[in-house]
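Novice: Start from chain E and add chain S according to the hints.
Each chain, letter by letter, is given below.
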Amino acid sequence: MISNNKMFGILVPIISVLLGLIAGAIIMLGSGHNPIRGYVALWNGAFGDGYTLGETIRRTTPLILTGLAVAFAFKTGLFNIGAEGQVIIGWLAAVWVGLVIDAPMIIHLPLSVLAGAIAGGLWGFLPGILKAKLGVHEVIVTIMMNYIALFTTNEIIRSVLTDGKTTTESIPQTASLASAWLQGLTLYSRVHYGILIALFAAFLMWFIIERTTYGYELKAVGFNQHASNYSGMNVSKNIILSMVIAGAFAGLAGAMEGLGTYGSISVMSGFTNLGFDGIAVALLGSNHAFGIVIAALLFGALKEGAGEMPTTAGVPTELVDIIIALIIFFVASSYMIRWAILRFKKEEK
Amino acid sequence: MFDALQSIIPTVLFYSAPLILTALGGVFSERSGVVNIGLEGLMVMGAFTGIVFNLTFSDVLGSWTPWISIVVATIVGAIFSIIHAVASVSFNANQVVSGVAINMLALGIGVYLTKVWYGKGQTDMVDQPFYTTSIPVLSDIPIIGPIFFEGIYVTSYLAIILAFVAWYVLYKTPFGLRLRAVGEHPMAADTNGIKVYKMRYIAVILSGAFGGLGGSVFALTIVSNFSGSTIVGQGFMALAAVIFGKWHPLGAMGAALFFGLAQSLSVVSAGIPLLENVPQVYLLIAPYVLTILALAGFIGRAEAPQANGEPYIKGSR
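Protein chains in written order, with the working numbering: chain E, -4 to 344; chain S, 3 to 319.
Simulated from the structure, these hints should not be mistaken for lab results. Here a beta-carbon is modelled for each residue, glycine too, at the ideal position from N, C-alpha and C. One thing to keep in mind: the hints can contain errors.
Quick list of simulated restraints, FRET-style, between CB atoms [what the hints assert, rightly or not]: (1) S264(E) with Y199(S): 35 to 43 Å; (2) G4(E) with G64(S): 56 to 64 Å; (3) E305(S) with M2(E): 38 to 46 Å; (4) E312(S) with G265(E): 29 to 37 Å; (5) M2(E) with S92(S): 52 to 60 Å; (6) S264(E) with T193(S): 46 to 54 Å; (7) R153(E) with K200(S): 50 to 58 Å; (8) G195(S) with K340(E): 34 to 42 Å; (9) R206(E) with G195(S): 46 to 54 Å; (10) I102(E) with F300(S): 40 to 48 Å; (11) I81(S) with V230(E): 39 to 47 Å.
Taking lysine-lysine pairs in the DSSO-like style, the calculated list, with each CA pair at most 27 Å apart, reads [as the list claims (entries may be wrong)]: (12) K340(E) with K316(S); (13) K122(S) with K197(S); (14) K214(E) with K128(E); (15) K316(S) with K341(E); (16) K248(S) with K200(S); (17) K200(S) with K174(S); (18) K128(E) with K232(E); (19) K248(S) with K128(E); (20) K248(S) with K174(S).
Just chain E, same shape as in the assembly (with noise of 0.2 Å):
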């Protein structure tokens, strides 16, 4: 039973994501376009040369840390739908002690970076302590933090850190990501330190998980409150716990892309579907760091190939959230895929 549970753990995403592409193919036929023009061009938009591959990895490394996000607080039996959310307030922090604060790089850049986590546990804490003490479901209360993030930091940016305008001024080199090195590594993509970062927190997450007795506490309330209560752990705690760590993974994202990609923060029409895409990148890789990492470079390459498609196959860069939304069908939907592969297992016998 064990081993079938591994080996769909690794088959559903794979035939899922196969699935999508399929999809992707057929969609691409109906309104009329080559498919595979259209997958040539998504694969030399994500891997066709320097510049490409290093902004995939740019792309890649705030999906690894949402994906985290979402899928740390899922171990402890909680949905973290408001990565969203934390990836903003993430971002504002980060950038905010990036320009008010003057610090040689050694400290302004980790004190930025942690304000960023710092911001995004507290915008997790809220949601975690309201379903500790009170029993509020956290999907509710993230979503609704979320727009709570987007409207509270546009008017921040306005009228706090500029004065009436739309986006806030650099931030300086000391609290920089940004690697001159990397950057002529990869013919001036914008790729930066940050995936180390990222690299380090999935790392970070499965040390937290499957080596430590806080992350069998986390995991034992998300398989059973009752019994981890009877057992004498503290329910609420791991609660608040797990969202307030899910939450810093999510405010690191955000911190990435003001020190890392952008340098900068823009108020926000919308959201920046990061968090979004962090709930694709959790589920597909099955909440395991090391899934999870995969997933995220997938989504990465997804997302930036798509960038290449307009030009050279005329398909729309929408196809491409399209193949992500089927992906997330199929996956949830895994009952099905499983289903079928027992059926055509029992055939053969």
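Specialist: Structure of chain S alone, referenced to chain E:
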């Protein structure tokens, strides 16, 4: 005071109508035990269909175009929501995940087809949107007439009437009782011979119909074209209205009207004494903050239907 009311109330009704309609859809779905985060996507589908149909057929249908557009959008919304129903009712998928996917899929399809059909990211403005009218006879009543019945959209009243219809259906008919029973205790309902899956399918499809209607009304009254940024958060605000209204059709309507008020105040506040000094951001976040407070029990406790969000698997305990 009178002037202020005369400028605020039509605006409130104007902003609230799409929210009321979509929130009613949310009430049906969640009352049957299926969480519907996908309201946003259903509205996107409705807005897209309403605008495209309107653009395509306005020459043929003339002044009937907007009405037929919203009917078509309702049907397309209903069909689109079947995806959510299949995933979350038949395949026991996580309903939140499926809803998130609905949102991404609707936006993806909408913008993709817009680019394929119109060659750019947004459609042209429609020729036949809804226009404000004055209702004959009623608008002649002194005081009330000019405030409620002059320069309003008929769709606003359609939304309010439908809220009462939804209340009647949910609370006064056997169908409504069954639908609510399925959301509270599906096993008990099943034991009593109610077909749980069928009721949930109907409820989700109804939510798709209302979401499509709400989205198309939004598009044809407020924006008049479709792009990726036509529907930004209205669906989630409708979801907030469902919860703030305690999963009751009339409560949801009240909440939607209230949120509409907050939205329209953030637009017209500059002209009203007292309010011109309140920063816009407070009005913008008010609906969301209030929903959290309502959930936390500070403004009367909001209790979800018992089995909301739980897939029903026959024979399980």
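Novice: Checked against the structure, which of the hints given earlier come out wrong?
Specialist: Hints 5, 13 are the ones this structure does not satisfy, whereas the remaining hints hold.
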